[in-house]
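Asker: Please build the complex by placing chain B on the supplied structure of chain A, with the hints as guidance.
Number of protein chains: 2
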Amino acid sequence: MNNRITSLFAIDFPLVQAGMIWCSGWRLASAVSNAGGLGLLGAGSMTPEILGEHILKCKAATKRPFGVNVPLIYSQVEKQMEIIIREKVGIVFTSAGNPAVWTPLLKQHGITVVHVVANVKSAVKCEQSGVDAIVAEGFEAGGHNGKDETTTFTLIPLVRQATTLPLIAAGGIATGRGMLAAMVLGADAVQIGSRFVASEESSAHPAFKQKIVETPDGGTFLALKKVIPVRLIRNPFFQKVQQLEDEGASADDLKMLLGKGRAKLGMFEGNLEDGELEIGQVAAMISRVEPAGKIVGSIMEEYDQARKDVFFNGMPC
Amino acid sequence: MNNRITSLFAIDFPLVQAGMIWCSGWRLASAVSNAGGLGLLGAGSMTPEILGEHILKCKAATKRPFGVNVPLIYSQVEKQMEIIIREKVGIVFTSAGNPAVWTPLLKQHGITVVHVVANVKSAVKCEQSGVDAIVAEGFEAGGHNGKDETTTFTLIPLVRQATTLPLIAAGGIATGRGMLAAMVLGADAVQIGSRFVASEESSAHPAFKQKIVETPDGGTFLALKKVIPVRLIRNPFFQKVQQLEDEGASADDLKMLLGKGRAKLGMFEGNLEDGELEIGQVAAMISRVEPAGKIVGSIMEEYDQARKDVFFNGMPC
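Chains as they are written, first to last, in the working numbering: chain A, 56 to 372; chain B, 56 to 372.
Calculated directly from the structure, the hints in this document are not laboratory data.
Check the hints yourself; a few may be wrong.
It does not matter which identical chain is used: a pair holds within one copy or between any two.
Stated by the list, open to error - Result set (BS3-like, lysine-lysine): computed pairs, CA atoms no more than 30 Å apart in a straight line: (1) K264 / K176; (2) K295 / K176; (3) K118 / K310; (4) K310 / K134; (5) K143 / K162; (6) K319 / K295; (7) K363 / K180; (8) K281 / K310; (9) K281 / K180; (10) K134 / K180; (11) K176 / K202; (12) K363 / K319.
Same shape as in the complex, but just chain A (with noise of 0.2 Å):
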């Protein structure tokens, strides 16, 4: 398989591991390079000590290209940098800011840089920007989401009009037929989050992962619009979160109710109850916990054929 995402980052599938806060580090970002797509360490949850360590893991446990995604709205994003550039890592995802800020930098040092938007007049700003390639997320992804609602089923084409470059679907996508279906909808390439969250090789709690495997349709919902726009599954930290939004809650008294560490909390420390708990709606397909590379291997094989059944068969089903 080779198109422009695969050549751009030089992997045999156009399929890349989303950069998640407490799931994604060294051991999981490794497993999916090796197993041919692309893992990316998700640096929102790591000091810059720590992501200098798991940048030195990753390229001890794979020869195959990897990245980091950095969320822009964190303190310590410069220091973060410095150590991708010392590292000389080849690939970063950008998230929750602005493209124009960094890109110039990354790409002065020779970095493949990828933006996350969620609408139209983002995905042209990156292309202005000149980033190398855009990730379009819809409202059904897991964690922080954008503020219109987009879902995956319209922004991927509405995305793909508006800007020639490579293009990334994200939200949703948990399949290979999810894959062929982005691809369809004008997509180069998928990132997938929530499956990987339950791998074997990701950094989140068990506890999560098994109620990740538990999560039914509906299970998830978008909660702390006023705050940052978050989608989380439905448990009681929700639930209180969503008594005080019906009631009218300001932004500042819902970050006195979030606190800090919420996210910890519940992915990284397993606290069912109290912690917030960041997945995608997809999670109400994902049925066991995984090996990595398995995950990868048998989206590509169900991609395959689907591919085939809607040539052969007229009809996918």
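Answerer: Showing chain B alone in chain A's frame:
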């Protein structure tokens, strides 16, 4: 083209025009049916007498099958069903209610029954109730919407897993590529609303049609969740709703603001400031008002091309 849905309805293409309030009378339904799709009358905005007239006019305008969409939340459902049975309409889509209530009577009269769902549980209930096919509608759809906010990309594979019934995907679909993507996700057919609202034969007010053409991505939003979730264009009326909701307004407060006849005011009478303007996210993909038959033709042409692209080019773009 031949599959379970084309056989069930005796139509040429697995493409259904959604039965929508204030937009889909006999002109639109007959135009879609004449073009080889399935046209639906939208009974939700018709008195039983007016529905009877539209059925007679639709019969006169097409020899092809057509149907009626009956939202089960309105007070005159019983009389509407009487007329549908009396006039021997062959196909009924029910929505916004329990499929167990009307399906047995309709089936006794030899009517093909389809029910609209937004989650897996309701899909299973449809199968138990003896309906002939399911419409699964995602969060991105216009108008009334499910409470779980599950998107088309996530919902279709989940419903496909849960039932063996023929499955029609709805929400976010306006093009041939969208149609193919929905098929890849597991649908046998698609239901398209927004693009037909912006057709020449639609009874929507010309000002509303023009507004759809101008709607950008992010131009719609789900509102009135405490009453009944509905996707609207973000016009001045929507802004008032949103402000009340942000302040924690109760369902009663919102009903008071809503009053009566808002949808008619906006969609049928063209008051773009004070009316409810129900449309899907995919409005952002719609760039002109066209004849309904031409819409059907161009969607099917794009669908065929996309299928060939998937196979011969390996990648669709």
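Asker: Each of the hints needs a verdict: does it hold here or not?
Answerer: Against the structure, the hints:
1. K264 / K176: between (35 Å within a copy, 24 Å between copies)
2. K295 / K176: Close across copies (25 Å), not inside one copy (34 Å); limit 30 Å.
3. K118 / K310: neither (42 Å within a copy, 61 Å between copies)
4. K310 / K134: within (26 Å within a copy, 52 Å between copies)
5. K143 / K162: within (12 Å within a copy, 68 Å between copies)
6. K319 / K295: For K319 and K295, only the intra-copy Cα distance (18 Å) is at most 30 Å; the inter-copy one is 38 Å.
7. K363 / K180: Neither: 37 Å inside a chain and 33 Å across chains, both beyond 30 Å.
8. K281 / K310: both (9 Å within a copy, 24 Å between copies)
9. K281 / K180: within (24 Å within a copy, 36 Å between copies)
10. K134 / K180: within (25 Å within a copy, 55 Å between copies)
11. K176 / K202: For K176 and K202, both the intra-copy (13 Å) and inter-copy (29 Å) Cα distances are at most 30 Å.
12. K363 / K319: neither (42 Å within a copy, 47 Å between copies)
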